[in-house]
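Peer 1: Top to bottom, those sequences are chains A and B. Under UniProt numbering, think of the first position of the first sequence as 1, with each following residue one higher. Under UniProt numbering, think of the first position of the second sequence as 1, with each following residue one higher.
Take these hints with a grain of salt, some might be off.
[Said to hold, decoys possible] Pairwise CB distance ranges, derived in the manner of DEER restraints: (1) N163(A) with A491(B): 22 to 28 angstroms; (2) E304(A) with T552(B): 45 to 51 angstroms; (3) A491(B) with K339(A): 39 to 45 angstroms; (4) S199(B) with E304(A): 51 to 57 angstroms; (5) K339(A) with T485(B): 39 to 45 angstroms.
[Claimed, not checked] Below, a list of computed lysine-lysine pairs in the DSBU-like style, where the Cα atoms sit at most 30 angstroms apart: (6) K339(A) with K531(B); (7) K390(B) with K103(A); (8) K339(A) with K684(B); (9) K531(B) with K390(B); (10) K503(B) with K236(A); (11) K62(B) with K213(B); (12) K784(B) with K277(A); (13) K186(A) with K503(B); (14) K206(B) with K191(B).
[As the list claims (entries may be wrong)] Derived contacts from chain B toward chain A, CB cut-off under 7 angstroms, selection only: (15) A52; (16) A350; (17) L425; (18) I429; (19) Y477; (20) P487; (21) L496; (22) G498; (23) Q500; (24) G514; (25) E517; (26) M519; (27) S569; (28) L597; (29) Q600.
Source of the hints: derived by calculation from the structure; they are not laboratory data. Ideal Cβ positions, reconstructed from N, Cα and C, are used throughout, including at glycine.
Listed here are the chains, written in short residue letters.
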Amino acid sequence: MKEQLQAIQVEALEKIAGTDEIKALQEIRVAYLGKKGSLTGVLKGMGKLSKEERPVIGEIANKVRDAITTALDAKNEKLEQIALEKQLEAEAIDVTLPGKPVKQGGPHLLTSIVEEIEDLFIGMGYEVREGPEVETDYFNFEALNLPKNHPARDMQDTFYITNELLMRTHTSPVQARTMKEYKGEKAFKMICPGKVYRRDNDDATHSHQFTQIEGLYVDKNVRMSDLKGTLDVFAKKMFGEDREIRLRPSFFPFTEPSVEMDISCKVCHGEGCSVCKGTGWIEILGGGMVHPRVLEMAGYDPREYSGFAFGMGPERIAMLKYGVNDIRAFYTNDKRFLKQYHQA
Amino acid sequence: MLVSYNWLKNYVDLGEITPEQLAEKITKSGIEVDHVTYIAAKSTNVVVGYVASCEKHPDADKLNLCQVDVGEETLQIVCGAPNVAKGQKVAVALPGAKLPGDIKIKKVKLRGIESNGMICSLKELGLDPEYIPADVADGIFIFPEDTVAGESVTSLLNLDDAVLELDLTPNRADALSMLGVAYEVAAILDKPIILPDESLKIESKKSAHDFIKVEVEAEDLNPYYGAFIIKDVEIKASPLWMRNYLMAAGIRPINNVVDITNYVLLEYGQPLHAFDYDRFASDKIVVRRAVDGEKITTLDNQERTLGADTLVITNGKEATAIAGVMGGANSEVMNETKTILLEAAYFNGASIRNTVKATGLRSEASTRYEKGIDPNRVKRAGIRACQLLKQYAGGTVLADVVEYDALDRSEKIVEVNTARVNERLGTEIDASTIAAILKRLDFTFEQAGNDFTVHVPTRRGDITIFEDMLEEIARIYGYDHLPFTLPVGVAQSGGLTGRQALKRQVKNYLQSAGLMETMTYSLTSEADITKLISPEVREQNPQAIALALPMTEDHKYLRLSILPELLHSLTYNQARNQANLAFYEVGNVFISDEETLTKQPTELLRASGAVTGKWVEHPWQQEVKDVDFFVVKGIVEGLFDFLKIPVTFSPVKLADMHPGRTASLEVDGNMVGFIGQLHPSLEKELDLKATYVFDINLDVLIKKYDAAPSFTSIPKYPSIERDIAFILDEHVHAGDVQTLIKEVGAPLVKQVEIFDVYQGGNVEDGKKSIAYSLLYQHPDKTLKDDEVEASYQEIVEAVNKAFDAYVRS
């Protein structure tokens, strides 16, 4: 019987080794290990054996069954692996074909610039304020030390609606409104972004509508050096750590002293080149110490409080930072232009 | 203001400083120098020549053959200028000379005759033709007789002069004169100022009082009027140096009288006016407001009608000048003029400004009056002009100035304290430095330790308070020397308001949904102002708000909808082969029901979008799909979902919209916007393919948005799905059925979705089949089949009853 079992093992293992199909393997399993299988048949004859022989043969039979099962499983796994590989090979696709596009929009360049500046000043403790685009003559001019008939009103040609209502020419009225709201009592820092309007003919450098961001800090003992330091931080964060700033005296009716800020030219670093028209410097923004009359009109006592203010045009900043050469590009909304700056 | 560098040298020792270096210093100290230009490109070897003889060229009618003495030799030169003549002193470019425009002068033969050089016009020497005097505009330049032959013309004609163009801010009216600029430059360079000689020796025994009286009827507008009489003037060309300076300053020389008034205007910043005394035809000047409708013909031969606010100079009968703006033709100085009546006056700036606005006339004079002149320089300028008229027009200046004088010439006093200066600037400037700065500015002051009492000179009308002085001190000290510090005061946490933060999130959502942000104009045209207004905006009866003086018809009205301008952006792109577009904009529209605005309109924040062309573009997998209503509706639904605000869509008919493909949006029963396809006729008008738009009131949504919703526990018990398909009349709205199912099914039905809409086939005509998928769930227990079944039957009955529908088996 022992020989019989060993013969079965040899025969079964040979058959398993010679099989290449999962189905045939299944048949082999049935033929040897099934209810009517040959190994099962041999084992049925175990009853006839003596008490001494039974455990010995039983052990051999188990070993044979284990050997066949192991071989079957191993072969099965191998064949399944081969079959899977075949199937996957058949499933191969051309990975160089284009993918299905995801519809993607993006922000307008001016929004990106405005948000960048907002975030920069928020980091320095500024709140963001907004105000109406249709303003009163009072908040747009008078509260900013620009009484009617003041020659400096010529600096900004205005779209009037009525004698008293107009399209705001700058975001400065938001400064006046904020000061008024804080009733001359509260120290604060704020910036105010928004659309502004001037009576200009649209061309490469002029637009009847554009955006502005202004900043205002009112407190006791605000120094002009604080303005200089703040603008330096802004310029370096916005344009690069290697840029220098320069303040020049200027004039705005709502600030005194007034400044104009230049940054060193990124091309020549102050040496002078065609980009900066040989001066080494590029004008970025205006600002100054809040005029005492402006503080006073808003309810702040100028002997107790002082402040600084500054204002800039995101269009100009975009033009300098990205080389946009026509201000109209911001408002024509050419898709190719919009798309260029979606990751800006 | 154009500042001649050579002219300026008369008042300040500029040393070795170049025009460019000077420009840089002036700019850094507060007056921006726009450009430095040279009045002529460099020329060499051009000298004065004496035309010893001048004959016709034997073979050319228009050419002359001249023998020209150039000092060391006499040269034969062929000259084509019409005004060349024997005895003239002219500019000669010698052989080997270089002229502007890279022209080299060589010996040449002209029609067979040798020419050894060229006699030059001012234009050929590089001067701007616009400023060349009329008498030498068409030919060669002729020097005064006393010029020496052989001398280089460069300095004689001021050809090496540089001009600094100052871009003056409105406060710096003081720099509208050479003297004002000289004070500025002297302060910057820390040099003394050299004032012009104002001495005038009166030789006449006659008094001007015997010739003229001055009456001022409008003292508020004319606090000072000075009249000078200069007799026996000879009208001729002004001296060469004066002509040179005027040309450099951008003024064309005319004759000595006109040039002298212009010269003094530029030198002192004080406008003067010369009348022909005989043509003035009166012994009385009356300054008064014009009679409304009064007429005057000005020097430019234009008849002008004046308003009652205009100040005029009259001879007691008729207007002879618009005060401070322009003289009248009736009293203009002519070549025959013998006696000059010279006006030096102080006119009110605001009044002149109004006149300029009303007449559209602006002159060098009016510009200075408008910005404010120095009250202490008015009379001095008159005297300076008399001195020059005496010297260069041979005039006899009569004794006395006939004056009307109510002018305040007092100096402003400003107190300056050293500690306060440093507090405001963040500096540590000591009192002696401040004193030195005040001296440099030529301001007089009294000092008591750290306190200064500054007497601001009247030429600096812009300085009235401490802060003005602070700027003066800071700019002369140098803004470059201010330290860099950061604010040490307020400790405030910055940030966005909830509204601002949500606005950013809404934009981010729309962008991630595939839309590009645009920026269009808020001002729109008459044709567009009424288009595509959202129904809830229209309910407010909004009026078209127009600008009083629009720049163009395209940008005249304040928009009531973002969409029309957005659609123009689509058209712009389509015309440039950009056919697939998905744009949105967030911005304000301006609403007021007032026909004439008396208060600010409501500014309503809206989100609008427009989509056209292909939405899905994946051709090789046969997935290419044009945008349709449901694409845009999906984006809008997504927005409301993102904001957790329930919205309902109802069919609506709106002008300019497709009547069958437009829906209004409602939140809590109130309209908040609309969505749909443009009316095909509007699409055609705009040259657009099928275009879908939306327009939503963002203000309402932002207000309703709950930034911190309270916690709802996640359901623990299993849900059960049931499907129902109804056969209904084809006009029944799927959404209405959905709403009813939700109502009847509540609270067990958590969700109702439509998964199939079908018409035709075995569905009878006029009917449609809509299949709904219902999700049942109980918060506290596992639902039993019979509970679901009961609810399901209830829904079927309700839908049947409401819509005459039956369940499709």
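Peer 1: If any of the earlier hints don't hold here, list their numbers in rising order.
Peer 2: Per hint list: 1, 7, 9, 11, 12, 14, 15, 18, 19 and 22 violated.
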